[in-house]
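Chains as they are written, first to last, in numbering that gives the first Met the number 0: chain Z, 0 to 172; chain L, 0 to 577.
Rather than coming from a laboratory, the hints here were simulated on the basis of the structure.
Just to be clear, a hint being listed does not mean it is correct.
[Unchecked claim] DSS-like, lysine-lysine: derived pairs with alpha carbons at most 30 angstroms apart:
#	chain 1	residue 1	chain 2	residue 2
1	L	K354	L	K504
2	Z	K11	L	K131
3	Z	K71	L	K131
4	L	K449	Z	K11
5	Z	K71	L	K141
6	L	K498	L	K513
7	L	K175	Z	K11
8	L	K449	L	K364
9	L	K556	L	K354
10	L	K559	L	K364
11	Z	K65	L	K294
12	Z	K71	L	K175
13	L	K272	Z	K65
14	Z	K110	Z	K71
15	Z	K65	L	K175
16	L	K189	Z	K61
17	L	K193	Z	K65
None of the values given here were measured: they were computed from a predicted structure.
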Amino acid sequence: MEHIISVLVENKFGVLARVAGLFSARGYNIESLSVAPTLDPTTSMITIVTVGDDRIIEQIMKQLNKVVEVLKVVDLTETHFLDRETALIKVHTKPEHRDEAIRLADIFRAKIVDSSPNTYTIEITGDVDKVEAMINMLKPLGIKDLVRTGRIAISRETTRTASPRREPALLKN
Amino acid sequence: MKLTGAEIFCESLRREGVKTIFGLPGGVVLKIFDVLCQQKDLDLVLTRHEQGAAHMAEGYAKATGKAGVVLVTSGPGMTNIVTGLADAYMDSVPLVAFTGQVSTDLIGNDAFQEADNVGISRPCTKHNVLVKDVNDLAQTIKEAFYIATSGRPGPVLVDIPKDVSTAKAEFKYPDKVNLRGYNPTVGGNKNQIKQAAEEIMKAKKAMIYVGGGAIFSDAADEIRELAEITQIPVTMTLIMLCMHGGYWTNMAMHYSDLLIAVGARFDDRVTGKLSEFCPVARVIHIDIDPTSIKKTFHAHIPIVGDVKAVLRQLNVILRSLDGNPAQIKALRAPWIQQVEEWRKAHPLVYKQDEKIIKPQFVIEKLYQLTKHEAIVATDVGQHQMFAAQYFKGNRPRTWLTSGGLGTMGFGFPAAIGAQVAFPDRQVLCITSEGSFQMNLQELVVAAERKLPVKIVLLNNGVHGMVRQWQDLFYEGRYSASLLGKMPDFVKLADAYGIKGLRAVKPNEVEPVLKDGLKHKGPVLMDIHTDPYENCYPMIPAGGAQHEMMLEDPPGLKVAKKGGAHKRKGDEGEGVLPA
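For reference, chain Z alone in the conformation it holds in the complex (with noise of 0.2 angstroms):
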């Protein structure tokens, strides 16, 4: 099953080789990565995006709680949370495509963002399914090239009509 962890980590150098070199040593997968700083410009925030069965993704928070710069390690997927991916796609547009093109940014509330003679670049994004599904939608037109994010997550603030939630797993002392 597919999990996304957030990573909350000292923003040092060589951390994040620390945390890929954890997945890379036991033969795990990283499907997605993003890294940037917090509000607290002395952390950093990891998210990955990873597949594994019960027992793997719980090595792998134990094993990220572990490492001396990990400060606190949450699988979101455990809670309810928001996901979101930006994907650039440039796209070849001969005369006869402009209009599906823009017709399709505008469905998918995307935004063309640069133009040339033969090319729209599009920025959409959203969920993953979303992204996914506006790349299938432009594939038809000949996609030139296309570049990803990976996915960054939050978790949602409890709403009065929520369903009873798990707390996030919060390991970390």
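Given the structure of chain Z, go ahead and fit chain L onto it with the hints provided.
Same frame as chain Z, but now just chain L:
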């Protein structure tokens, strides 16, 4: 007052109570060594290879419980300690390794003797740091010692660039660490402990399975107390229970209904085939490292915490639950009797021979002659298993062996490290010709410091464990296991200026051991043992725990070919005490 990085280094070590450093100098650590030689209370043990320094520090740490300290130069100095770091990481040995690094302005330029020390050591250290600013040096050293010795102990590497050792900073040694991401759990969860106590009271066929974690947390007394209150038999890792563990312990584990794992990590050499390991047992697992729990084997009641602290809590609860000791005894009596029966049915045995020396016989004699008092360091292979089976030590911190990584070449430097820590105690190194030749350059350290390490070298002329497997599973094709030309170890000892003795016949063993043990300085005892002796009981790789081989399987033909095991002096008499 401002001090240089090198002075801060020495002063910080002094504040940490360090007396002994194991190391070797080099270009980028010249400044540190220059300051070091002016310190009267910091003793540098100059090794002849950096790997020797790392294993000596391990031996020192395993015997004392304090962090072992290593100081080496950049590049090859650092890469040479990698085996020691990996070994210490596997066996949870507290080490602090200081490595030199090229100046900060040269890092990444492929400078002379540059290596990515932090990158190379990352997967085999508990933590590592490159110190880029001399102002951070004291704090980093403080934290390195704290991380190495607390929680589940392990090696920490501190990489010091040349310009950091010469730059100056105001010295103030911090009195506390500042690590918001590191806070090992000590006391266990009370509910879990209570639940564990209830399970223990109910179980009829319980076993206590003790690992190295019990030694690091000094929990020997607590374990003894637990066993006494509950009348549950105890077994230990790489002391009695493993691939070559006793028949009765493996059987008892297999048929137990409750396993109390204490500071152990269910190593594959312990469990054998996982799916058939302790098939009916409920499992209580106490360990300070959460990653050890449920890593390879399930745990019904996981308890994260320091073994000593948790056992104290547990024993208090057990005492309050346990109203009637006689009742407990009665409950557990049939089980204890069963284990005794297994022990009687298949005790450890070997066939004595009149012509050729059996390795088990040597260890047995050695054990009798040293009266359990000695610290024993072993290398890796058949001799290690024989030593584990026949040297029946029962005190913590007297058994120094490379359990997890299985590093040949560990034993002799580890023995030196222990002897440096305890100059007045008897330190034995039980080794073999294969392992010993991997780090014999350190003989000179024993000689120049007159360290009375007693090296008992079981010389069978083959990589015994490899040869045994080749006979059992590879139709006796001795691929690279016969060692061929062998040095004359007595002459080798002589070359280093230490005493050398040799036994080639069984009746020579006792005089050689007696004289060697009596001698004041270091001694190398070259004892020619049977090249074709196999080590039993044995759980073949992938086999289940109760399917031990107790002797050569019927029809096994030990190939005994090649004859390359012939050793210097085999034909004549030994070199006996005058």
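Here's how the hints hold up against the structure:
no. : hint               : result
1   : L:K354 with L:K504 : holds, 6 angstroms
2   : Z:K11 with L:K131  : holds, 12 angstroms
3   : Z:K71 with L:K131  : holds, 26 angstroms
4   : L:K449 with Z:K11  : violated, 46 angstroms
5   : Z:K71 with L:K141  : holds, 23 angstroms
6   : L:K498 with L:K513 : holds, 13 angstroms
7   : L:K175 with Z:K11  : holds, 21 angstroms
8   : L:K449 with L:K364 : holds, 25 angstroms
9   : L:K556 with L:K354 : holds, 20 angstroms
10  : L:K559 with L:K364 : holds, 27 angstroms
11  : Z:K65 with L:K294  : holds, 14 angstroms
12  : Z:K71 with L:K175  : holds, 22 angstroms
13  : L:K272 with Z:K65  : holds, 28 angstroms
14  : Z:K110 with Z:K71  : violated, 35 angstroms
15  : Z:K65 with L:K175  : holds, 20 angstroms
16  : L:K189 with Z:K61  : holds, 21 angstroms
17  : L:K193 with Z:K65  : holds, 26 angstroms
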